[in-house]
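Undergrad: Chains as they are written, first to last, in my numbering: chain E, 4 to 308; chain C, 443 to 528; chain R, -9 to 378.
A portion of the hints provided could be inaccurate.
As the list claims (entries may be wrong) - No farther apart than 16 Å at their CA atoms in a straight line, the calculated lysine to aspartate or glutamate pairs in the EDC-like style are these:
id: 1; chain 1: E; residue 1: 11; chain 2: C; residue 2: 493
id: 2; chain 1: R; residue 1: 146; chain 2: C; residue 2: 496
id: 3; chain 1: E; residue 1: 11; chain 2: C; residue 2: 496
id: 4; chain 1: C; residue 1: 448; chain 2: R; residue 2: 204
id: 5; chain 1: E; residue 1: 7; chain 2: C; residue 2: 496
id: 6; chain 1: E; residue 1: 7; chain 2: C; residue 2: 493
id: 7; chain 1: C; residue 1: 495; chain 2: E; residue 2: 13
id: 8; chain 1: E; residue 1: 195; chain 2: E; residue 2: 91
id: 9; chain 1: C; residue 1: 448; chain 2: R; residue 2: 192
id: 10; chain 1: E; residue 1: 40; chain 2: R; residue 2: 192
id: 11; chain 1: R; residue 1: 278; chain 2: R; residue 2: 249
id: 12; chain 1: E; residue 1: 11; chain 2: C; residue 2: 497
id: 13; chain 1: E; residue 1: 41; chain 2: R; residue 2: 190
id: 14; chain 1: E; residue 1: 40; chain 2: R; residue 2: 190
id: 15; chain 1: C; residue 1: 448; chain 2: R; residue 2: 147
id: 16; chain 1: E; residue 1: 250; chain 2: E; residue 2: 260
id: 17; chain 1: C; residue 1: 448; chain 2: R; residue 2: 249
id: 18; chain 1: E; residue 1: 41; chain 2: R; residue 2: 192
id: 19; chain 1: R; residue 1: 184; chain 2: C; residue 2: 496
Calculated from the structure, these hints are not laboratory results.
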Amino acid sequence: MAIKNLPKEELLFRGTGACPGCMASLSTRIVLKALGKKTILVIPASCTASIEGFYPNTPYNIPVLTMAFEAAAAAASGVSAALERLGENDTNVVVWAGDGGTYDIGLQALSGAVERGTNFIYICYNNESYSNTGIQRSGATPYGAWTTTTWAGKTEQRKDVPAIMRAHDVAYLATASPSYAEDLFRKVRRAKSIKGSKYIEIHSPCSPAWRFPMDKTIEVGRLAVQTGAWALYEYENGKLTFSGRSKLILEREVEPEPIEDYLKVQGRFSHLFEPSRDEERLNEIKRRLEWDWDRFRKEVACEIG
Amino acid sequence: MRYETKTTISYPTIGPAGKTGTWRDFRPELDESKCSKCLLCWIVCPEGAIERKEDNSVLVDYEYCKGCGICANECPKSAITMEREV
Amino acid sequence: MVVMMDSGNRIAAKAAQMARPEVISAYPITPQTVIVEQIAKYVESGELDAKYIRVESEHSAMSACIGASATGVRTFTATSSQGLALMHEMLHWAALARLPVVMVNVNRTLAPGWSIFPDETDSLAQRDTGWIQLYCSSNQEIFDTIIQAFRLAETKEVQLPVMINYNGFILSHTFMPVEIPEQRDVDEFLPKFKPFWKMDTENPVTHGNTVSDEDYMEIRYDMHLAQQNAKRLIPEIAQEWKDKFGTYHGGLIEEYRCENAEFIIIAMGAIGAEAKVSVDNLRKEGHKVGLARIRVARPFPKEEIQRIGKDKTLIVVDRNISIGSGGWVVTETKSALYGHYDSQVYGFIAGLGGRDVTYQDLGDITKRVINKKAKETEWWDLKKVGAK
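All chains, full assembly: derive it from the sequences and hints.
TA: See the structure below:
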């Protein structure tokens, strides 16, 4: 949908507790435009719980149930069941959780809710760390990244929760980025139209956590896709479909931009370049990136569909 | 409708974190002569502080704009510049 | 009215079925499992028209109940021991959110090692959460109390979650005859749930966002006042039930032969039931003994204890232990009496991990006190005496 035609109504009022340049905040605006007023959000402890501002005020013009860190998907199961009992069949139930509340502490509840076929959209906005509590590492933090609990750079590769969701055969799965606003909007609209468990993961470049100037945030998100560090795809009925630049990379129609272009603009990777280049770790990053894309290619090629 | 139960129930307001415009160091200035009304700045503002008018022209709400500079960085016509305010 | 002869668990499930919750979310754990199994049967047969969420843990069970209750429907769950412990965080949540969730906790002690047998340490550990805690001593009381609990929780002056406790195996798996009223009479006693706040797209609110130090204490104070209201309302609701259905088990405390008593046994749960036999036996022997069976542990019936304990010797039997301090009931009993009366209070820790406490034990305990042989605090029937 063209930007001009995106719904005008703001369901997230301005003046929130978000940092300037926050992609969680931007993604919320876009997602709520796609979902509309008949939406209930379940938000666990995360940056967004702080974005909600101070009691007795909130910037959300839709109902929001703030929830304990690991409990969002379980609480959403309850909300969804209650709405069904009340006959409210056109109200969207949406979890809005960070990577902490999804990849780590919230993974059990997510798995349980999805296995039960809970009718909801689970959205993970992924800023690749526990940003709200001061940038500690999470299961989504990429290899080599600085965080306040991995000062010399993370020593493990990150988890792949979208792959875990495919193993649950969710009704719909998508990855997205606020740097590609229309793509995000379309994917949320698609999820809204399907019954069952839907999972959307939104890449959320974070200026304080990744250490880059805040005005470059959308650019960094674009670079992530152009270098292949973040892939944009959908999954439905056993079929994985890539789109845009990600599709071209998958099918080897274009070379991804050099990954170092993406790493160099982020201060959280600066120790890989200064005081001297850490060839071993840079090569590991490149090896793994190629491996990830080969795995996508194999998964697409082997589809039962 | 306000609920009576004494638990943390909060009601929708603009600016629940206060007048966040005070957070700025830089302020976006729009040159209307360069603006093509593409509305990219409107959609990309994380705060929703860029208002969209009927004719698709835009207006910054300086009471809440946090001065992140994304609008200036993304504008395809370089119609927005960040001017130091503080 | 029919008479049902069944185990405590199946009676609990029957009460839950008749209370008409709309969402149930529960996870199995011995000795509560029969409840969730029976509820699953009721839902599948249509006898209970509800959504049953078969969650993947107790923490999720309480979280789902909170989600459903916050969306405006009546909810129910059940657990025990480790499950209750796992839910701890969310028990605080439900109470601070002022949601009228009702939960059965089948008392079972905590691990390691794995003991499936009863004591009240599991519910003891939750006494600070803000939940109202009721303790049952018979299957009839289980049935009556569960339905009364929904009524209590959903009252404007209360709006707090309620936990109904009864001992694992001793009650949960023991068959007793129970009078079951007609559904329409239960519906009259417990009308349809009207939520006091909820998630509603027509009236959007955010629940649970950041709160400053300027606002938090008042929220806590209101919970405290709500439990004071519950002290008044629990006996009123029990009386209303008695007038309508005929069965009655006491108000905050059930007093048994306390008139002219010099010694009063204070106990909860199954021990409270056994103690009636001991009291009868001791009375036959000429001792002036009575029983004050605590039915409501939160809010703690301070005023009742003061009234009953005046000028008496109290013998408190705790089937629980707060390590480093003592039995829960004896500690709160002494605290209630402080500054009021010079009552003598003796505390006995007994029956932990399901060790049997019979009416004979209670008789012996009482005689120890009567014969002035008892210390202020004793651990009853310990096989080996270690560090004292």
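Undergrad: Confirm or reject each hint.
TA: Quick rundown of the hints versus the structure:
no. : hint          : result
1   : E:11 / C:493  : holds, 10 Å
2   : R:146 / C:496 : violated, 48 Å
3   : E:11 / C:496  : holds, 10 Å
4   : C:448 / R:204 : holds, 14 Å
5   : E:7 / C:496   : holds, 11 Å
6   : E:7 / C:493   : holds, 13 Å
7   : C:495 / E:13  : holds, 14 Å
8   : E:195 / E:91  : holds, 15 Å
9   : C:448 / R:192 : violated, 21 Å
10  : E:40 / R:192  : holds, 9 Å
11  : R:278 / R:249 : holds, 9 Å
12  : E:11 / C:497  : holds, 13 Å
13  : E:41 / R:190  : holds, 9 Å
14  : E:40 / R:190  : holds, 10 Å
15  : C:448 / R:147 : holds, 11 Å
16  : E:250 / E:260 : holds, 14 Å
17  : C:448 / R:249 : violated, 42 Å
18  : E:41 / R:192  : holds, 8 Å
19  : R:184 / C:496 : violated, 43 Å
In the structure shown, a violation is registered for the earlier hints numbered 2, 9, 17, 19, in ascending order.
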